[in-house]
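Protein chains: 2
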Amino acid sequence: MTTKDLVAQIEKKKSFLCIGLDVDLNKIPKHLLNDEDPIFAFNKAIIDATYHLSVAYKPNTAFYEAYGLKGWKSLEKTIRYLNENYPEIFTIADAKRGDIGNTSTMYAKAFFEDLAFDSVTVAPYMGKDSIEPFLAFEKKHTILLALTSNQGAFDFQVKISEGKEIYKTVLETSKQWVNSQNLMYVVGATKAEYFKEIRKIVPTSFLLVPGVGAQGGSLHDVCKFGMAENIGLLVNSSRGIIYASQEHDFAQAAAQAASNLQSQMEVILNDR
Amino acid sequence: MTTKDLVAQIEKKKSFLCIGLDVDLNKIPKHLLNDEDPIFAFNKAIIDATYHLSVAYKPNTAFYEAYGLKGWKSLEKTIRYLNENYPEIFTIADAKRGDIGNTSTMYAKAFFEDLAFDSVTVAPYMGKDSIEPFLAFEKKHTILLALTSNQGAFDFQVKISEGKEIYKTVLETSKQWVNSQNLMYVVGATKAEYFKEIRKIVPTSFLLVPGVGAQGGSLHDVCKFGMAENIGLLVNSSRGIIYASQEHDFAQAAAQAASNLQSQMEVILNDR
Numbered sequence: 001m002t003t004k005d006l007v008a009q010i011e012k013k014k015s016f017l018c019i020g021l022d023v024d025l026n027k028i029p030k031h032l033l034n035d036e037d038p039i040f041a042f043n044k045a046i047i048d049a050t051y052h053l054s055v056a057y058k059p060n061t062a063f064y065e066a067y068g069l070k071g072w073k074s075l076e077k078t079i080r081y082l083n084e085n086y087p088e089i090f091t092i093a094d095a096k097r098g099d100i101g102n103t104s105t106m107y108a109k110a111f112f113e114d115l116a117f118d119s120v121t122v123a124p125y126m127g128k129d130s131i132e133p134f135l136a137f138e139k140k141h142t143i144l145l146a147l148t149s150n151q152g153a154f155d156f157q158v159k160i161s162e163g164k165e166i167y168k169t170v171l172e173t174s175k176q177w178v179n180s181q182n183l184m185y186v187v188g189a190t191k192a193e194y195f196k197e198i199r200k201i202v203p204t205s206f207l208l209v210p211g212v213g214a215q216g217g218s219l220h221d222v223c224k225f226g227m228a229e230n231i232g233l234l235v236n237s238s239r240g241i242i243y244a245s246q247e248h249d250f251a252q253a254a255a256q257a258a259s260n261l262q263s264q265m266e267v268i269l270n271d272r
Numbered sequence: 001m002t003t004k005d006l007v008a009q010i011e012k013k014k015s016f017l018c019i020g021l022d023v024d025l026n027k028i029p030k031h032l033l034n035d036e037d038p039i040f041a042f043n044k045a046i047i048d049a050t051y052h053l054s055v056a057y058k059p060n061t062a063f064y065e066a067y068g069l070k071g072w073k074s075l076e077k078t079i080r081y082l083n084e085n086y087p088e089i090f091t092i093a094d095a096k097r098g099d100i101g102n103t104s105t106m107y108a109k110a111f112f113e114d115l116a117f118d119s120v121t122v123a124p125y126m127g128k129d130s131i132e133p134f135l136a137f138e139k140k141h142t143i144l145l146a147l148t149s150n151q152g153a154f155d156f157q158v159k160i161s162e163g164k165e166i167y168k169t170v171l172e173t174s175k176q177w178v179n180s181q182n183l184m185y186v187v188g189a190t191k192a193e194y195f196k197e198i199r200k201i202v203p204t205s206f207l208l209v210p211g212v213g214a215q216g217g218s219l220h221d222v223c224k225f226g227m228a229e230n231i232g233l234l235v236n237s238s239r240g241i242i243y244a245s246q247e248h249d250f251a252q253a254a255a256q257a258a259s260n261l262q263s264q265m266e267v268i269l270n271d272r
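Chains as they are written, first to last, in this note's numbering: chain A, 1 to 272; chain B, 1 to 272.
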């Protein structure tokens, strides 16, 4: 999918919502546990109930790998279901991968070719040759961790080197990489005041923003400081939507929670 | 496995060799491609031919994920084969994972519980709460990227902040984390002169050292500057051993390549 297609979808749906499919078998409705593939059954119901309100889905691979072969199968079924039934949706493998060159190519093949995701999240620690193999794939997007939404972000990401925080060095350096036009960035919503600075470095890049909802970030502040001319934001909510109810009405409850966020986004988009 | 068990195995085998199982179907002997599971068939032959010369095996997850569900199954069969037939071997999932707390717990379950690896490699960018969930597992080891063997290591890892390189801050900070005794570190062999400085910060921690062989690092220099009282080194070779021959004699050729490294290690261990 191209960035243009993504922006068109956002304008059409009046939404820049991404729904995180972080499925924990201890948290899904009990009646689904009798299903042959409870994780996929859950995802399918959530997707069918919310696809008109969101533009992206983001399964976090950890939640699938934890269930071994069965979990990987559920991930495969989920991405195939999305690609076959909702081809306009932007899909994100939240995998936070990254390794030396030839190994990153294998990860890129796993997520871009075998599973056919539109994008994958990657970690910057190993530098240029760990990320460029991902960037080489056409119409695919590589979402680089810049400033994350957790407490540990303060351990290394904001250390000052050469007069600026490491996460700013990550943003600036990554712009020099081959095919950097295929980069997006993860920036946590819990640090909305940082968006102003970040937009000076990457004025138009799409930012994937976790941390609204369960982690306490403000949608209003993120948009105030982070929205670009081409919108440039994908705001993710996981637990706040998918676990809105743990009863038989879980899909409707998820749709209601997604609708609450989408409505706020619609107001923000109309007020531009 | 405890660190004590690992050291005992090293002393017994006179080897601190780790063999990287980075299996690319384009590089294995053609006759294996007729096997129902070529990756596992290849791994099994390599392991059976080399287990007496090495103390650890390290499948890199990228090479399995690239083949989707089938690849994940090959990974599962490989680790089960190792655990059932060679329980003394130290097993490393080279996965370079890391995410916010509850998600890292899922990754830890995937590798420590579902697949039953002894250890997993993790990336430091997201800080303390992304790593401590791994450290909580008893008799399991978490191998943190410190200074990697690739060119991109110079992009961020050696940036100077507060008077020292970021990778040193990673080492120092990680020592403060809960259950930090379960940490090991990745340090690339291509930067042997750095080991002296690293040993000042982590004098006894085990270091997993890639980069000897194909990437050009010197075993002698690594040991000169990096060996600790409890040895504290696992030196990895992947391509140099597993692709020593691409013909029918691939397993014997791998054993010969492993034996060459083990012999050098035996001399070094005897000369201590």
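Derived by calculation from the structure, the hints in this document are not laboratory data. Some clues are possibly wrong.
Think about it this way: if two alpha-carbon atoms lie no more than 30 Å apart in a straight line, the pair counts; the simulated DSS-like pairs of lysine-lysine are [as the list claims (entries may be wrong)]:
1) Lys159/B <-> Lys70/A
2) Lys44/B <-> Lys27/B
3) Lys140/A <-> Lys109/A
4) Lys73/B <-> Lys109/A
5) Lys13/A <-> Lys200/A
6) Lys109/B <-> Lys27/A
7) Lys73/A <-> Lys70/B
8) Lys73/B <-> Lys70/A
9) Lys196/A <-> Lys159/B
10) Lys159/A <-> Lys27/B
Against the structure, the hints:
Under the criterion of a C-alpha separation no larger than 30 Å, the hint pairing Lys159/B with Lys70/A is inconsistent with the structure, at around 42 Å. With a C-alpha separation of about 16 Å, the suggested pairing of Lys44/B with Lys27/B holds against the 30 Å cut-off. Distance check on the hinted pair: Lys140/A and Lys109/A sit about 11 Å apart at the alpha-carbon level, within 30 Å; holds. Between Lys73/B and Lys109/A the alpha-carbon distance is near 17 Å, which keeps this suggested pair within the 30 Å criterion.
With a C-alpha separation of about 28 Å, the suggested pair Lys13/A and Lys200/A falls inside the 30 Å cut-off, and the hint holds. At most 30 Å may separate the alpha-carbon atoms for a hinted pair to count; Lys109/B and Lys27/A meet this at roughly 16 Å. With a C-alpha separation of about 10 Å, the suggested pairing of Lys73/A with Lys70/B holds against the 30 Å cut-off. The straight-line distance between the Cα atoms of Lys73/B and Lys70/A is roughly 10 Å, inside the 30 Å bound, and the hint therefore holds.
Taken as a hint, the Lys196/A and Lys159/B pair is honoured in the structure, with Cα atoms around 24 Å apart against an allowance of 30 Å. Under the criterion of a C-alpha separation no larger than 30 Å, the hint pairing Lys159/A with Lys27/B is inconsistent with the structure, at around 42 Å.
Violated hints, listed in ascending order, are 1, 10; each of the other numbered hints is respected by the structure.
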